[in-house]
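S.K.: Taken in sequence, the protein lines are chains L and Z.
Start counting the first sequence at 6; every next residue gets the next number (this note's numbering).
Start counting the second sequence at -18; every next residue gets the next number (this note's numbering).
Simulated from the structure, these hints should not be mistaken for lab results.
The model shown is predicted, which means the values in this text are computed figures rather than measured ones.
Check each hint, because a few of them may be wrong.
[Claimed, not checked] Some chain L residues near chain Z, calculated using beta-carbon distances under 8 Å:
| # | residue |
| --- | --- |
| 1 | Trp15 |
| 2 | Phe18 |
| 3 | Tyr20 |
| 4 | Pro33 |
| 5 | Glu104 |
| 6 | Asn109 |
| 7 | Ala110 |
| 8 | Leu126 |
| 9 | Val151 |
| 10 | Leu155 |
| 11 | Trp160 |
| 12 | Leu161 |
| 13 | Gly164 |
| 14 | Val234 |
| 15 | Arg237 |
| 16 | Val247 |
[To be verified] Anything over 10 Å on all C-beta distances counts as not near chain L; from chain Z, calculated:
| # | residue |
| --- | --- |
| 17 | Val3 |
| 18 | Gln58 |
| 19 | Val98 |
| 20 | Ile147 |
Ideal placement from N, C-alpha and C gives every residue a C-beta, glycine not left out.
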Amino acid sequence: MRMGFTLGKWQVFAYVAAGVLSLFYLLPVISMVLTSLKTPTELFSAQIFPARPSLANYWEVLQGAFGHYALNSLILTVCSVAISTFLGILAAYGISKFEFRGKNAMFLSVLFIRLLPRAILLVPYYIFLSQLHLTNTFPGLVAVYVAFALPIAIWLLTGFFKTVPREIEEAAQIDGCSTWQIIWRIVVPMCAPGIAVAVLFVFIDGWDQFTLPLLLTREATRPLAVGLVLYRQDALVLWHLVMAAAVLMTLPFIVLFAIFQKHLIGSMFSGAVKE
Amino acid sequence: MTPRSPIGPGKRRRNLTGPLLVLPAVLVMMAITFYPIFFNFVLAFSEIKLPSLVPHFNGIENFRKLFADPLFFISIQNSLLWVLGTVPSQFLLGLATALLLNSKVKGKLFFSTAAIVPWAISPVAAAMVWSWLYQPDFGFFNVMLQNLGLGALTNRWLSNPDTALIATMIPYIWALTPVATFVLLGALQSISDSLYDAAKVDGASHLQTFWYVVLPHLRSMMGTLIILLIFFSIGSSISFVYPMTGGGPANTTMVADLYIFNATSKRLQFDLGAAASTLIFLLVVAIAILYVYLQRPSKTTGK
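Just chain Z, same shape as in the assembly:
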């Protein structure tokens, strides 16, 4: 390896070892990630006729076509509903589970195993299992409703345009709540017992302790977690929607990433696919910038 400088304080080693170590990974990432993303941008503003790989610039023509497609707007709307529905649900369920795991409840090993189980099941397998639970004639939900005498409430969950979207969101929430649970649990466990004792000595009720002791500790973690959940939900809905409904019925479960997938694979409309995914990408970047802006250290609290 290259000669090393004498060992001194700090990690500074002014030689090529550091860059050499990261070089292979950087080259690989350049080739298989950054370049394709760049190419996608170019495609969003070009047309391309295979087998020629040469894109011909055509301005915002692709975006005009995209906006002329009503299905695109439906998919954006559904994705928005998806994010608004799943992220708070995962967060609240995760918070409840984490609080319980952090408390003096008995049977924690059982409960923590139960809490991690949804994460262990592959998204596609989870989608299939929930499809079976939703099965109109023999699936668990309808059968249970019948047995409880609530037959009137049975539904063709995944085929009913009114319920399909929510029905596909629930397995997603189920599968990803463990992420929220264990991130929040980590944050909760950093609260030392002495803080709880001090609150007790001060005569705080449980609710007050929660509000004034627990929540402030969670605050910084919460922002990061919610951003993560939002990014996941924008990008992963297709794994659940495709196996369960394929976008139907009547496009009520057509989400943005499924739209892009269909445009690419079924209709070979690369122009629409690239344009739509570029828009999604810009949205993600905007959210990330917003998040960084909101997280900047505040002068008053210094947090």
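Only chain L is shown next, with the shape it has when bound in the complex:
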């Protein structure tokens, strides 16, 4: 494990800096959690800690429209993850293992899509979806989600697939495996951690989608990100409920991070060196 920079006389400064930065990073989250445990009257008391932390806000939120919005988010995100991962595995394998005309152009265009400002799709999507009567429908919205998810999947998976040694595939070919079998029986299991990372990123992208669903959904297919903003429409914002909803919205990440933390933190600290 790399030990990096020694600190010497900079040590005090370093710890102070780390403390300040930690406070900056954690303050909003701490506030979010504490506020979600407070009663409405406690909001106005300028006390930091709730006198009697209670999960009442969470129950109230879950009984409202939250469950509906969360389910929508789940449906939209899971569908787009499935589609983009499947197509992405095929495409990434093709890009990483084969040479053909237009390959570089294709890969560059994948990168290109990732960097585009979303604004350029607002008008076309609005026109297309409204004329095809696909606004506020799951197929229409999943198509929109996949537009963003697929480049992410291809980008990440290509990198991971490139690490598979050619000898393994050649050995499989000699054994008579078809390309399809090589992909699904050998490469995918070998790259399972990498595919998991790709799935995580695509999931996060889907779960966080805001602008396009804001434009293209109504009550029926509204995802959580848009629903959260609606708590603000009223003159009196119910902050205790908003914070509880925000915490609930973050739960999938906490779960996913807990599952994947070995891979994530490990790859973060071991640098770019792979075997």
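Chain Z: place on chain L using the hints.
M.R.: Using the frame of chain L, we list chain Z on its own:
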């Protein structure tokens, strides 16, 4: 599948397998990304009357209308300020955090978890949480200022035209600094310990080591990172501005992507929306070209 050529050196397999594998993804991308973008270009130079999808070419009329709208220029100005304010901040905060994570400081697990937390919160949730922190009467900032006796400094952060823009930028910086942190950390970790030891043997101070050992290694990564941050900031400001201020007060937080969003959704002004987004797109392409030009291998350093 199609017949395979005999296995030889290299990855060359001259058959249809490669193209066939990428074909589904390419078709999907053509339909849901490239075609809409192309259509957006066409719309920028046409007018369209729904339900007919046939655009009628009208030259640069849409751009004339766009430039006649003062709100457009306000939004461009605000977006420019947004980029200039957020990108350096994220970079510096990320650099500081990465340096600390790369050093012999204790408590790295705690600190690295703290450093990634902002990225784990959805942008919209982050915007709501910061809105609560900014709340004039009961939010954390004003309450703290009161308790510290600095009541005079309290502010109606998000409703005050002088502070609103900066107030919306801070959550954005907060949420995206982890990207800078972990990209820079990856680059820092590629510096082997032996380089630090060699510098020590040569009697270099910490600052000198930083300047002559660390920075050169970061240089190539820095350019890519900054470009990425710029692209993100042009495209993602709406996720924070819309929930926090909706563009107000007095349009001080009206950023370019919110302008385009309002033009499309509220006013159904597709001509303005398409024209404005085309301009933004051209700007992004120009920056990308500039970046590629600047990154071309230099004859002297070969880097």
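S.K.: Indicate, hint by hint, whether the structure satisfies it.
M.R.: For each hint, the structure was consulted:
1. This hint holds: L/Trp15 has a C-beta 6 Å from the nearest C-beta of chain Z, less than the 8 Å allowed.
2. Residue-level restraint check for L/Phe18 is violated (minimum Cβ-Cβ distance to chain Z is 10 Å; threshold 8 Å).
3. With its C-beta approaching chain Z no nearer than about 7 Å, L/Tyr20 sits inside the 8 Å limit, and its interface hint holds.
4. Interface restraint check: L/Pro33 against chain Z, minimum CB-CB distance 5 Å, threshold 8 Å, status holds.
5. Annotation: interface hint on L/Glu104 holds; nearest CB of chain Z at approximately 5 Å, less than 8 Å.
6. At a threshold of 8 Å, the smallest CB-CB gap from L/Asn109 to chain Z is about 12 Å, leaving the interface hint violated.
7. Nearest Cβ of chain Z to the Cβ of L/Ala110: about 10 Å, over the 8 Å cut. The hint is violated.
8. Interface restraint check for L/Leu126: the shortest CB-CB distance to chain Z comes to about 6 Å, inside 8 Å, so the restraint holds.
9. Because the smallest distance between the Cβ of L/Val151 and any Cβ of chain Z comes to about 7 Å, under 8 Å, the interface hint for this residue holds.
10. A least Cβ separation of about 6 Å between L/Leu155 and chain Z falls short of the 8 Å threshold, and the interface hint therefore holds.
11. At its closest, the beta carbon of L/Trp160 sits 12 Å from a beta carbon of chain Z; the interface hint therefore is violated under the 8 Å criterion.
12. Taking 8 Å as the C-beta contact cut-off toward chain Z, the hint placing L/Leu161 at the interface is violated, the least distance being around 14 Å.
13. At about 13 Å, the closest approach between the beta carbon of L/Gly164 and any beta carbon in chain Z exceeds 8 Å, and the interface hint on this residue is violated.
14. With its C-beta approaching chain Z no nearer than about 5 Å, L/Val234 sits inside the 8 Å limit, and its interface hint holds.
15. The beta carbon of L/Arg237 comes within 7 Å of a beta carbon in chain Z, closer than 8 Å, and the hint placing it at the interface holds.
16. Proximity of L/Val247 to chain Z holds as hinted, the smallest CB-CB distance being about 5 Å (cut-off 8 Å).
17. Separation of Z/Val3 from chain L is inadequate, the least Cβ-Cβ distance of about 4 Å not exceeding the 10 Å criterion.
18. For Z/Gln58, the requirement that its beta carbon stay farther than 10 Å from each beta carbon of chain L is met, with the minimum near 16 Å.
19. A cut-off of 10 Å between C-beta atoms contradicts the statement that Z/Val98 is not in contact with chain L; the least separation is 5 Å.
20. Listed as a non-interface residue, Z/Ile147 keeps its Cβ farther than 10 Å from every Cβ of chain L; the least gap is roughly 15 Å.
Comparing the model with each numbered hint stated earlier shows that hints 2, 6, 7, 11, 12, 13, 17, 19 do not hold.
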